[in-house]
Amino acid sequence: MADSSERLDFPGHDGGRLAARLDLPVGPPRAHALFAHCLACSEDGIAARRIAGALVARGIAVLRFDFTGLGGSAGDHANAGFSSNVADLVAAAAHLRATRDAPQLLVGHSLGGAAVLAAAGEIPEARAVATIGAPADAAHVAKSFAADLRRIEAEGAAEVTLAGRRFTIRREFLEDLAGARLSERIAALKKPLMILHAPRDAVVGIANAAAIFKAARHPKSFVSLDDADHLLTDPADAAYAGDLLAAWAERYLAPLQVEPGNRVLVRETGASKYQQAVAVGRHALIADEPEAVEGGADSGPNPYDFLAIALGACTAMTLRMYADHKGLSLGRISVSVDHAKIHARDCADCGEGREGRIDRFEREISIEGGIPSELADKLVEIAGKCPVHRTLEASSAVVTRLTEDQKDQTATE
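Just so it is clear: in the sequence shown, position 33 is 32 by numbering that gives the first Met the number 0, and no numbers are missing.
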């Protein structure tokens, strides 16, 4: 399996190397996304990491990079303009297209959001676009350093402070952004658009979200980020934005073509002590431990929950197959499953010959409209024929081995 995150670089709009990170899900990615960060951020900021993590958990690979002259990327940002940011995005998409797969999802934070709106028309494979706290035009960007505008106009450039970081802003930067004609590009987008914005954003006001929404055509969506700040410095706000984006984007992505089989891949995400990313065919899931377990984040079902899920789902499916085969008119089937570890001597209905502590799954079946009395015993019997039920009651063999590359590494140490 590939590492969950790969450091790489690629040539930007002027040939300079741009520093990037590619976050990969477990198993084959269902799609690739391109993330553009804000002017005062980097590809490794809180918002970028959390949003990328949420997308990766849904099986979407994410490329995030630093624009020219920012973070680890080459070049002088003072000499770069908005057009160069857009060109860097197009270059990033070209790199993905050549080495992996072209991005189907474009996500931009703050000025990065304006950049993806401008670049989307030049990335034909993009199926959906999302912005977070994005400005609607150059005038709103200028408000971030309004006190320095006169000096920029008079001297051609000035150092400004944005989100605690110092930047040199040139007159050409503002002129370049003003000429981007974002409203026209938004109107011509012809791609689903999600706009995420906090009503109390003190850097880029909520009026920007309204202007972008008004300029866009359907399908378009707006989601309030409530009390989040502009940089999403609270990890919970960044994770919330990421989860929303991931759920929204799923309906617009091309279906993943997977090889037939029943192989399940599980890998640590690194987001918390026990969180695991799970890939099953084209499906992406999360497993974790509850918060009651030290280090657990309760971000997904625990391993025994998945066992109970398997038993409950298999039971309902088996009963539905039986009902259809017999032509029975049964209402919607529900199955609840409870799991506990108990002493065999305390389990009167677990059968004989068991000793020590055992796993006990208690299953309750409910059917809308009630269960006909003449079918009650039969349905319990059929539930017992569920393949997962039989697997749990039978003795299973678990064979464990190291992958070939791990064995080779061990042999050389």
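In short, the hints are calculated from the structure, not lab data. Please note that the accuracy of each hint is not assured.
Derived pair list, reagent style DSS-like, types lysine-lysine, alpha-carbon separation capped at 27 angstroms [what the hints assert, rightly or not]:
id, residue 1, residue 2
1, 272, 325
2, 325, 340
3, 189, 219
4, 384, 325
5, 272, 219
6, 213, 272
Across the chosen pairs, the derived CB separations fall in these ranges [as the list claims (entries may be wrong)]:
id, residue 1, residue 2, range
7, 16, 294, 25 to 31 angstroms
8, 97, 389, 31 to 37 angstroms
9, 335, 189, 28 to 34 angstroms
Just so you know, even glycine gets a beta-carbon here, dropped at the ideal spot from N, CA and C.
Checked hints:
| no. | hint | result |
| --- | --- | --- |
| 1 | 272 x 325 | 49 angstroms, violated |
| 2 | 325 x 340 | 37 angstroms, violated |
| 3 | 189 x 219 | 10 angstroms, holds |
| 4 | 384 x 325 | 16 angstroms, holds |
| 5 | 272 x 219 | 37 angstroms, violated |
| 6 | 213 x 272 | 43 angstroms, violated |
| 7 | 16 x 294: 25 to 31 angstroms | 38 angstroms, violated |
| 8 | 97 x 389: 31 to 37 angstroms | 50 angstroms, violated |
| 9 | 335 x 189: 28 to 34 angstroms | 46 angstroms, violated |
The structure shown violates the earlier hints numbered 1, 2, 5, 6, 7, 8 and 9.
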